[in-house]
Each structure stands twice: as C-alpha cells, then as structure tokens.
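Produce the complete structure using the sequences and hints provided.
Chain order of the listed sequences is Z and A. Heads up, the first sequence is in our numbering, so the first residue is 2 and it goes up one at a time. Heads up, the second sequence is in our numbering, so the first residue is 183 and it goes up one at a time.
There may be inaccurate statements among the hints.
[Stated by the list, open to error] To give an idea of the chain Z side of the interface with chain A (calculated C-beta under 8 Å), a few residues:
#1 3
#2 4
#3 11
#4 14
#5 301
These are computed hints drawn from the structure, not numbers from a lab. Keep in mind the model is a prediction, meaning the values are calculated, not measured. Note that beta-carbon positions come from the ideal geometry of N, C-alpha and C, so glycine has one too.
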Amino acid sequence: MTKTGFVIANLFRKRTRTILTLLSVTMAFLLFGLLQSVNYLFSAGADALGATRLMTQARVSFTQSLPLSMVPKLESVPGVARVAYSQWFGGIWQDNTPVFVFSVDPARYHDVYPEYVMPEAQWREFARTRTAMVAGRQIADKYGWKVGQHIPISSNIYPQKNGSKAWAFDLVGIFDGKDEDWKKRTNQVLINHDYFDEANQFVKGRTNFYILRLTDADKAQSVIRTVDAMFENSLDETKTQTEKEFNLSFVKQLGDIGLIVRWILFAVFFTLLLVVGNTMAQSVRERIPELAVLKTLGFSDGAVLGFVIAEAFALCALGGLVGLVLASLAGAALEKGTGGQFALHLSGWVWLLGLITIVLMSLAVGLLPGLRAQRLRIVDALAGR
Amino acid sequence: MSESMVQVTNVTKIYERGTQQVEVLHGLTLQIPRGDFVALMGPSGSGKTTLLNLIGGLDQPTSGEVWVGGSRIDRMPSGQLAAWRARNVGFVFQFYNLIPVLTAEGNVELPLLLTKLSAAQRRKNAAVALQVVGLADRAGHKPSELSGGQEQRVAIARALVSDPQILVCDEPTGDLDRKTADDILGLLQVLNRDHGKTIVMVTHDPKAAEFARRTLHLEKGQLLEQSAA
Numbered sequence: 002m003t004k005t006g007f008v009i010a011n012l013f014r015k016r017t018r019t020i021l022t023l024l025s026v027t028m029a030f031l032l033f034g035l036l037q038s039v040n041y042l043f044s045a046g047a048d049a050l051g052a053t054r055l056m057t058q059a060r061v062s063f064t065q066s067l068p069l070s071m072v073p074k075l076e077s078v079p080g081v082a083r084v085a086y087s088q089w090f091g092g093i094w095q096d097n098t099p100v101f102v103f104s105v106d107p108a109r110y111h112d113v114y115p116e117y118v119m120p121e122a123q124w125r126e127f128a129r130t131r132t133a134m135v136a137g138r139q140i141a142d143k144y145g146w147k148v149g150q151h152i153p154i155s156s157n158i159y160p161q162k163n164g165s166k167a168w169a170f171d172l173v174g175i176f177d178g179k180d181e182d183w184k185k186r187t188n189q190v191l192i193n194h195d196y197f198d199e200a201n202q203f204v205k206g207r208t209n210f211y212i213l214r215l216t217d218a219d220k221a222q223s224v225i226r227t228v229d230a231m232f233e234n235s236l237d238e239t240k241t242q243t244e245k246e247f248n249l250s251f252v253k254q255l256g257d258i259g260l261i262v263r264w265i266l267f268a269v270f271f272t273l274l275l276v277v278g279n280t281m282a283q284s285v286r287e288r289i290p291e292l293a294v295l296k297t298l299g300f301s302d303g304a305v306l307g308f309v310i311a312e313a314f315a316l317c318a319l320g321g322l323v324g325l326v327l328a329s330l331a332g333a334a335l336e337k338g339t340g341g342q343f344a345l346h347l348s349g350w351v352w353l354l355g356l357i358t359i360v361l362m363s364l365a366v367g368l369l370p371g372l373r374a375q376r377l378r379i380v381d382a383l384a385g386r
Numbered sequence: 183m184s185e186s187m188v189q190v191t192n193v194t195k196i197y198e199r200g201t202q203q204v205e206v207l208h209g210l211t212l213q214i215p216r217g218d219f220v221a222l223m224g225p226s227g228s229g230k231t232t233l234l235n236l237i238g239g240l241d242q243p244t245s246g247e248v249w250v251g252g253s254r255i256d257r258m259p260s261g262q263l264a265a266w267r268a269r270n271v272g273f274v275f276q277f278y279n280l281i282p283v284l285t286a287e288g289n290v291e292l293p294l295l296l297t298k299l300s301a302a303q304r305r306k307n308a309a310v311a312l313q314v315v316g317l318a319d320r321a322g323h324k325p326s327e328l329s330g331g332q333e334q335r336v337a338i339a340r341a342l343v344s345d346p347q348i349l350v351c352d353e354p355t356g357d358l359d360r361k362t363a364d365d366i367l368g369l370l371q372v373l374n375r376d377h378g379k380t381i382v383m384v385t386h387d388p389k390a391a392e393f394a395r396r397t398l399h400l401e402k403g404q405l406l407e408q409s410a411a
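Written out as structure tokens, the structure reads:
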C-alpha cells in the first residue's frame, strides 16, 4: 500500500456518492472545456495574417444588403485580384429542412474559390442556365440529388414576383472540395444570381456580401483599411474582415459570447463547489475517529491535512480530466459536423486553464474539511466528543 | 526489569469542560520498569484513560513530568510528539479502530508509511506482524470480513509492526467474549514475555488484569495501591 493508494481507497469508500460527485465534476469540466473553447474562438479576434480572402458586408449587419455597383470600386483597390458576391437565399428543402443556398455570379465565384472543384463544362452550364443550381457533394449525397434533376427549394425570405415562395432550380453540377478540409465545406447550394435578382420581389441589384480574393496574403490589412475607408460616411458603409471572423460573426449575433460563457461557467462552478464541498465535508465528518487514529499512529497534523486535500484533488482531477477529454472529443465532433467552420479543439490555453481550475477547486473544497481534520484533538475525537 | 520505561512525576491534568475545570489527575507519580505488564484498574472517571493517554503521548499534562523510554514527552511540540509516537508506542483500542477501506495487511502496513522502508519491505514486515498474531491467512480481508477477535489481532499487529518499546492498550478486551478475550490477553502476555514489550493496559475486568504482572488501582485521580498478579 502507498499513500496514493490510501487516498484512492478513502475516496471510494462510499462508491455511489463518489461516482455521482465525479459525474458532476466531469459534466462541469465538459462544459468548461467546450465553452472556454467557444470563448477562445470568439475572442481570438481578426487575424488577417495569411488571409487570402476577405469578406465585405454592410457595417451595421450582414442582413443589410450592399449595391452591386460596388464591384468595380472594390476591384480597383490595390491588392484585390477578383471580387465575387453572395446573397443569402434562406432555402427550405421539403418538410422545413433548412439548406444553405446562396445566389452567386458563377464565373466570379469560380475564380474566387478555386478550392471548389467541378468539371469546367458544369461551371459553364451553371453560368449559362438562368435557373441553374450547383450543389456541394455533401448535400447532394445527403439528399440523393443527381445532375439533371429539377429541384424545388422554397425561400423563407424571398418570394418570387408572383408572390410564391416556392422556387425550383435545375441541378447542373455537383462540386467537391479540393482536399479533405474543403470536402467538409460542401454542404451548400449555389444558384445563379441573375435569375434570383430578376425573379425575386424584394431586392434588385444588391447582395449581402462580397468576397475579395487578394493578390497576396500580405495585402490583407491594407485592403481591409482601404475598402472600409472608401465607403466611410456613405449610405453603404462597410465592414471588411477575414473569412474566419466573418463565419464567427454569425454566432456573435447572439450577444456577448464571452459574457454569456463567463456567467454560465460561474453558475456551473458555484454549484459544483457546493456539491463537491458538501461531499468532502461529509466524508471527513464521517471518519473523525479514523483521522484521530491516523494521528495516534504518528501522522502529523500537516500529513492529515495533506490526505484530505489530496483526496479533494483526486476527486477534482479525475472528474476534471475526464471532462476535458470528453470536451476535446465533443469539440472534434462538432468541428467535423460543421465542416470545419467551428474549430472547437481544446487549445493548450484551455487545458492550462482547466488544470489551474482543478487545483483551485481542490483547494477550495478540501481546505475547510482539511483544516478541521488538522485541528482535531486525538483524545476528543477518539472519545467521540 | 529494573530500568524505568515510564516515569510519571507529580502529574496533574485539568480538563476544561465549558466554563468548568475538571481536575482528573492530582499530582500522580508512577514508575513502570522496562518489560513490565501493568494493568490499570479503577472506576469510571478515575483517570485511567487520561493516564494512559499521557503515557502514550496522545495528550499532555497540565503540570508534572512524563518520561517514556528516556524521552521527556510532556512538553514536546505536536509534530515532534507525533513522530515520537510513531517510533515508540503501539496503540490497541477497545473498538479496534481499524480503517474499514483497507485490508488487514493494509491496516498493519499503515504506520510503516511513516518510515523510509520500501514498499516490498513494508509488505514483508506487515506479513510478519500478522503471522505473530496468527492471522497470516486473513491478510487480504477487510475489517468487515473479520470477527471481533480477529479485528483486535489485526489491531495488535498494527501496534507491533513498527517494533515499539511500549504497547498502550485501552480496554483491549472490552468488546470481546470471555474466550476471545482470554486469547487476546494470552497474546499480549506472549508479546510481553517472549518479545520483551512493555505493556500498559487499562481494564475494568479483574480477570483481564490477572494476565498482567501487576495491577495498579486508581481512584479519583490518585494511585491507591498495587497488587502483583
């Protein structure tokens, strides 16, 4: 037997209670891992370094559209090689299944996103056919779509000029990603913007956002500054950012993610402190005579305090590490599920924060019962006083 | 047996119970030679357990001196006293006080965690101690799987394992039937006679006291007389 073995044996003396407490700790750290990763993701900020594409949207919100007359102005900015645009369609497939549908200029989109691969003949057909649509491999496989099918897709935003929200498109191509990373991003549908622009009831000559392909990555910061300065104080002020930050901004619409995360974690850990603290206090209270025996045998006051804190640490570390590992797995699953759009892998920083939290929590829940154990007088404890 | 193992000189012990002060021992003086087996008897509240606690270094007197095995322990700081207990004293309690989550072997090995012995040596010593008390075959059993007599034997093995100079026993047979009690007392006699352990035992039971070499009687915190077994 070792001191560690002794601590573990004591930890599991009430197996059910310990397992339930461990599950609480595990769940708390699972949440901690995921939410801190979300927080980290959103607080990472715009890192334009190495960005080869930028997104330009209306400064107020991406729901506010921008005029297509901006295209030549954007293309004149030094460092911009090509400009594409994309309009959110709000597609619904069959029984209220939302699908990502964007109206685009096929040729421009093809130039700006060389990562999407499709036979050139299909790109040409997409540009030539007004009612054409192309689908990503993932979504086509998911719904069993085949090239040549006439596919009805409704829009929950844009009715046609006749008032009907039921649209239909001809599937002329299926695009894939050039590598594994891009293959994960093929869960969207593209339709021809000319047709959308002409047929819809609300918007004309406008789009939700522009995609700027840069001549080289070093130009990202200067292009961001130039574009936003160009439209400053105009009717259509812009906000230009990297693709990554643009994608995250969708979720940021929910509110201050950092604040939400902090409050949730505060509530979770406050509850957890009460639960684990109560478990530890109860565990020590139940074995006051045993702790007195340890002192009788020659274990010092400090050693007894150490045993109690080590037990609290074992409880928090075991549950905490399992929770963080689960968060890591869940993050990877989420990343895969969103086609790599939300990379929720636990960073070294989140692991470090988790480990610090484990240590602090162990001290918080172990110190009071530990001090009680440290201070108990042997003769009183043995006599049950 | 002439060398003194325990020397208690003019010891007074006062407990504070709320606002009241209770004087349990009144200027008590006592000498126990090395290798002796002493039974402490007396009515409840006479100060037997208090005296035993002072000798075992579990408590300290209000005044007076306590010397055990050549060390003065009545003013020893708490940490030093704990280390002294680990080296010099073995304790046996009425209700065995074993750790329920550990096996018999684990319980016996527990005091050895305070030593620098290797894990293998600790296991070996624990096995020897269990063999001495006749429980080598129950090493892997937890206290809940043992009878009262067996639990007390494990407690005695735990007291013996670090080879202390003195065994301090508080009513070691108080929770056992006559036959088992006699077995345990016989074992203590063997430890005293064959292994040279000095034993101080508190008991209410005159039959238990008969196993000791001599009996000391306490009443109202003072030593009355002694009788040889």
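How the hints compare with the structure:
1. 3: Holds: closest Cβ of chain A sits about 7 Å from residue 3 (chain Z), inside 8 Å.
2. 4: Since the shortest Cβ distance to chain A is 6 Å, the answer is holds.
3. 11: Given a least distance of 6 Å, the restraint on residue 11 (chain Z) holds.
4. 14: holds, 5 Å
5. 301: At 5 Å from the nearest chain A Cβ, residue 301 (chain Z) passes the 8 Å test, so the hint holds.
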